[in-house]
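Enquirer: Here is how the chains run, residue by residue.
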Amino acid sequence: MDTTKRLLICTLLTSAAIAQGANVWVASFDQVWQTVRERHWDPERTGASWDAARAELRPQIEKAASAQEARVILNELLDRLGQSHFGIIPASTYAALEAGREPGEATPGFEVRMVEGQPLVTRILPDTAAAKAGVKTGWALLRVDGKEIGPVLEKLKDRPMLQTILLGRRLQGEPGGTVEAAFETGAGERSLTLELATPPGRPVRFGHLPPLRMNIERAEPRPGVVHVRWNAFFEPQWLQDEFKAAVEGCRECRGMILDVRGNGGGLGILAPAVAGWFLAEQNHLGTMLAPTGPLKLVAFPRLTVFSGKVALLIDGLSASTSEFLAAGLKDLGRARLFGEKTPGMALPSLIEPLPSGDRFQYAVADYVSAGGHPVEGRGVAPDVETPLTRALLLAGRDPALEAALAWIFE
Amino acid sequence: MIQRLFLCFAAAGLLTAAQLPTAELVLNRYVEATGGAAAYEKVKTQRARGSLEFKSMGLKASIQTFAALPNNGATVMDLAGLGQIRSGVKDGLAWELSPMQGARVLEGQEREMALRMTRIDAPIRWRELYKSVTVEAVEEVDGRPCYKLVAEPVAGGKPETSWYDTESGLLLKSVVTLSSPMGEMPLETRMDEYRDVGGFRVPTKLTQKAGPQQIETIMDEVEWNVELPASQFDLPPDIEALVKKKKQAQQ
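Here the protein sequences come in this chain order: A and B. Those letters in the first sequence? Residues 1 to 410, by the numbering used here. Those letters in the second sequence? Residues 1001 to 1251, by the numbering used here.
Hints were generated in silico from the structure; no laboratory data involved. The structure displayed is predicted, hence computed values, not measured ones. We put the CB at the ideal spot given by N, CA and C, even for glycine. Misleading hints may appear alongside valid ones.
[To be verified] Ranges between beta-carbon positions, derived for each pair:
| # | chain 1 | residue 1 | chain 2 | residue 2 | range |
| --- | --- | --- | --- | --- | --- |
| 1 | B | Lys1246 | A | Glu410 | 32 to 38 Å |
| 2 | B | Gln1084 | A | Glu385 | 39 to 45 Å |
| 3 | B | Asp1078 | A | Gly186 | 51 to 57 Å |
| 4 | B | Gln1214 | A | Arg45 | 19 to 25 Å |
| 5 | A | Pro126 | B | Gln1214 | 42 to 48 Å |
| 6 | A | Pro223 | B | Ala1241 | 28 to 34 Å |
| 7 | B | Asp1078 | A | Leu162 | 35 to 41 Å |
| 8 | B | Ser1132 | A | Leu162 | 56 to 62 Å |
| 9 | A | Glu174 | B | Asp1196 | 50 to 56 Å |
| 10 | A | Arg58 | B | Gln1064 | 42 to 48 Å |
| 11 | A | Glu410 | B | Lys1247 | 33 to 39 Å |
[What the hints assert, rightly or not] Below, computed lysine to aspartate or glutamate pairings styled on EDC-like, alpha-carbon distance capped at 16 Å:
| # | chain 1 | residue 1 | chain 2 | residue 2 |
| --- | --- | --- | --- | --- |
| 12 | B | Lys1055 | A | Glu352 |
| 13 | B | Lys1205 | B | Glu1053 |
| 14 | A | Lys341 | A | Glu385 |
| 15 | B | Lys1148 | B | Glu1188 |
| 16 | B | Lys1246 | A | Glu281 |
| 17 | B | Lys1209 | A | Glu38 |
| 18 | A | Lys296 | B | Glu1110 |
| 19 | A | Lys244 | B | Asp1238 |
| 20 | B | Lys1244 | B | Asp1234 |
| 21 | B | Lys1245 | A | Glu281 |
| 22 | B | Lys1060 | A | Glu352 |
| 23 | B | Lys1090 | B | Glu1112 |
| 24 | A | Lys296 | B | Glu1184 |
| 25 | A | Lys244 | A | Glu217 |
Modelling step: build the complete structure from the supplied sequences, incorporating the hints.
Expert: This is how it looks when you write it as structure tokens:
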């Protein structure tokens, strides 16, 4: 499907919502407000202040002149909770899926993250346009298709996760298309035209969640060590098949490196599912404190369990389910954590459709780790902090991986 | 789901107040309203097929259940995006196999409930499953007056509550407590759209609430006394391996 048709579909979806009048947005507001009132686990957040938020913002949404304006008001309402996993996902996010296209946009083959306040290339995928063109880690991204990215990043300067997501989206496009990326290389400026291709992995479609692409990589950085890196907690069978192969193929290994850097989470139940490959006895990674009562994230030992050292690599983008896994294995003393502190966005959530056609994500419980530590808003600190710097990236180094390997071979 | 439903059918018991009927009367009436004791006595096997949806997540699944006397059962659920979840009961062993939790042998109250859920003769053999049952009150369910029955399982665990329409005798609602290593969670089930299927009157729509989840199940097909292959209830290899591992660990 060409871009014009896609745009048309996006526009139609948005316009359809507007055409239904302001009522759909008022109805959406009411649904959001009421859902939080009924299902939030902390009455302090949904008491008088929640009533006040409604009194203030409902009249505003009644007057909203556009879908965009209405979404801003809805998100403002949810921002009053001051917690992760509350948000509005625009209907257009689902347009590609509804139009029958595979989710997951094509990329030039490199990843960009905010490091030391700069958008730096942190990873180059093999056999991609970026790899072939000689893009290096540590390069700073300046412009995409001639547009400066600095001003956009400045607007989101207190939200590094959103900055990184935005950077990724700027570089995405249709397979076979191109993107012009300008870099500061450390030795001057360089501009490259890079062909876009579908990244490795599988498209994920799960309920009301936005479409995404999941990938699992398995490597042996040194003999006797397996490194498993995955970017989302979905596709349970695939995830378990990969871990089964890793564990059964590495019974005599010294160590296993689990890498959830950049992994924003997924299905919460898959944190204990992964942990089950590394725990000899049934145990739990923490507790969900829901209004209906506490529920433990129980990990059941697999038939074959890895008994060597386990290193877990984390960073500021290792959110949600990644944090359940990190906090749980850390508290149980089963893994040593390397990297950077996680963002503290660790609440189980659901996603429901709204009358406007948008989707509403809301958390349904708090989470405390196996040791009783809250993670939301606090994050999980690594045992060994290995800050990423531009100098290290330019030197082609990965301090978290290096530290994990050194520990495994101590 | 059908097995869970049968579990709910099984409450019965004692007279608790002069103005209320005995639980036995309520349940006998239910048996008569849904097919009659003679028909239930002839049931040896059951097979059901349907679909379910986790409404809050937009997650859909197909489900098949198989059950046979005396107490064998198997359930296969295929969930879009999650994979296949299988569970079963055979010779007193209750198990579950899923990509999320791997192979599990159920223990404690989780096992006891799985065993009760698989008893397809529960509507007429409730005394084997519950040590006491009382009619507590008349309460409305969707505006319809119902007898509220509270049943205490023989195997212990939390009481199970069910509501039977005073007029039609049909079961309209139940509340049980799900127990697992994760913890306890109440499960409320509403039964709707009763239809005549193969000589029985069964609810073909179940709406369940467990925590924040709402699950809607539509039963497309329910059959009784179908021939099931002997292998239908065999333990999957991973469960057999787990049982063997547990036995070795105990030695």
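Enquirer: In ascending order, which of the hints set out earlier in this document are inconsistent with the structure?
Expert: none
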